[in-house]
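Colleague: For the sequence shown, my numbering gives the first residue as 1, with consecutive numbering after it.
To be clear, the hints were calculated from the coordinates, so they are not data collected in a lab. Be aware that one or more of the hints could be misleading.
[What the hints assert, rightly or not] The calculated DSSO-like cross-link candidates involving lysine-lysine, where the alpha carbons are at most 27 Å apart (straight line), are:
hint, residue 1, residue 2
1, 90, 150
2, 150, 165
3, 150, 372
4, 315, 373
5, 250, 165
[Claimed, not checked] Distance ranges between label pairs, derived from CB positions:
hint, residue 1, residue 2, range
6, 93, 295, 21 to 31 Å
7, 64, 133, 34 to 44 Å
8, 344, 18, 38 to 48 Å
9, 34, 342, 14 to 24 Å
10, 65, 149, 23 to 33 Å
11, 180, 308, 37 to 47 Å
Note that the coordinates shown come from a computational prediction; the quantities given were computed from them, not determined experimentally. Ideal Cβ placement from N, Cα and C applies to all residues, glycine included.
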Amino acid sequence: MNPPIDQLALNHAARVLGEITPELPADAALRRHFGVHRRLGARERRAVSRSVFVYFRWLNWLPPRESRQRQLAAALDFQARFNTHPASIKTEALAARAVPEWAAAEFELSADYLRSLQRDPVLWLRARPGQAAALAARLGHSVPFPAGEKLAPAEPGTPPWDALKYEGAQDLFLTDEFHAGEFEIQDLASQWVGLVADPQPGETWWDRTAGEGGKTLHLADLMRNRGVVWATDRSARRLAVLQRRASRAKLFNIRVADQAPRGAIFDGILVDAPCSGAGTWQRNPHARWTTTARDVAELAAVQTELLNGAASRVKPGGKLIYAVCTLTRSETAAIAQAFAAAHPDYEPAGDRLLYPQTFGSNGMFVAAWRRKK
């Protein structure tokens with residue numbers, strides 16, 4: 001069922017669209033807008049956010065001379081019709097209008113993929129190890145992900161999923177379960193990265209580009225709060241958020257720093273590299289129209305540098321994991337192939353692209369290697 005169009009939400013969404021700049025993308029503009037308009041409730045914030053993202057999802061179908069409110073209403077109408085009859089929008093139209101022109105040269109634009117981009121995203125949660133079913137029962141409106149589902153690359157003994165799909169309407173950040181650290185809001189594809197890494201209790205890992213720590217927390221949880229996960233990032237603000245999240249989750253095996261200990265070597269390193277984010281275009285459709293082919297090329301150079309820089313810091317027998325939430329060949333297979341050619345001391349443990357249409361997650365590429373003994 002499609003929610004009714006709310007004029008208050010349209011007015012706020014129109015203001016957000018007017019605040020977006022090259023330096024302030026849609027998600028950041030929404031956060032700033034909600035910071036100013038604190039009296040908006042959770043339902044209203046959801047409606048405003050959805051209206052803004054639906055606008056960018058159907059941007060190239062909208063009448064250019066209409067007011068922003070009328071364009072937003074038209075976008076929501078397109079979304080409602082697509083949700084009811086997906087085949088009403090032809091694949092050729094989606095290929096021409098739903099993604100930038102350069103995308104076709106970088107990844108496969110299948111009909112299933114293009115239609116997945118135009119759907120509302122799934123909200124995935126990650127429960128604490130082994131607690132997905134219990135958490136789903138307490139929260140309600142939740143469906144645990146099948147525990148036996150496997151995705152390569154994954155070695156024997158990979159832990160089961162602790163993921164669940166949330167389909168309710170409550171503000172999860174206000175729940176007792178969230179404040180007790182019983183779950184994190186984390187996309188299924190990001191959870192897959194931790195399962196591929198499969199860190200063991202007592203090991204020492206390095207999350208080289210930790211950001212706000214979603215994958216760091218998962219590594220620490222999989223290690224049962226034993227051993228050490230070093231989390232580094234160039235942003236002090238992001239690391240501060242990571243520390244607050246770790247405190248809420250009562251994870252004490254995380255060490256936050258601007259850089260890892262000099263000369264240290266690790267049982268495993270996760271290089272969750274900065275990327276074009278093309279795998280998140282369903283969840284963040286504004287990024288479709290701000291990312292360029294030049295960005296992809298520049299980021300591929302950064303990814304190569306980060307991966308090569310981590311290679312000497314892995315113990316013999318240890319793991320190196322490369323993950324990017326993108327689908328472009330330049331940032332996925334090309335990076336993995338170049339690394340394998342340059343580092344014969346590493347043996348591949350598999351790589352795979354996870355497309356958004358598979359489970360309703362972000363798109364993600366993961367490659368794994370083990371350093372030869």
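Colleague: Would you check the hint for residue 250 and residue 165, treating anything up to 27 Å between C-alpha atoms as holding?
Modeller: Holds, because 24 Å separates the two Cα atoms, which is no more than 27 Å.
Colleague: Mind checking the alpha carbons of residue 315 and residue 373 for me, to see if they're no more than 27 Å apart?
Modeller: 8 Å, holds
Colleague: Run the distance test for residue 150 versus residue 372: straight-line Cα separation, threshold 27 Å.
Modeller: Status holds; Cα separation ~25 Å.
Colleague: 38 to 48 Å was suggested as the range; check whether the CB atoms of residue 344 and residue 18 agree with it.
Modeller: 55 Å, violated
Colleague: Would you say the C-beta atoms of residue 65 and residue 149 sit inside 23 to 33 Å of each other?
Modeller: Given about 48 Å between the Cβ atoms, the range is violated.
Colleague: At the C-beta level, are residue 34 and residue 342 separated by a distance inside 14 to 24 Å?
Modeller: For residue 34 and residue 342 the Cβ distance comes to about 46 Å; the hint is violated.
Colleague: Taking the Cβ atom of residue 180 and the Cβ atom of residue 308, is their distance within the range 37 to 47 Å?
Modeller: 41 Å, holds
Colleague: Range hint 34 to 44 Å: satisfied by the CB atoms of residue 64 and residue 133?
Modeller: 49 Å, violated
Colleague: Look at the Cβ atoms of residue 93 and residue 295 and judge whether their distance stays inside 21 to 31 Å.
Modeller: 25 Å, holds
Colleague: If you draw a straight line from the CA of residue 90 to the CA of residue 150, is it 27 Å or shorter?
Modeller: The hint is violated at about 33 Å.
Colleague: Does residue 165 sit within 27 Å of residue 150, going by the straight-line distance between their CA atoms?
Modeller: Roughly 17 Å between the alpha carbons, so the hint for residue 150 and residue 165 holds.
In this structure, the hints that do not hold are numbers 1, 7, 8, 9 and 10, in rising order.
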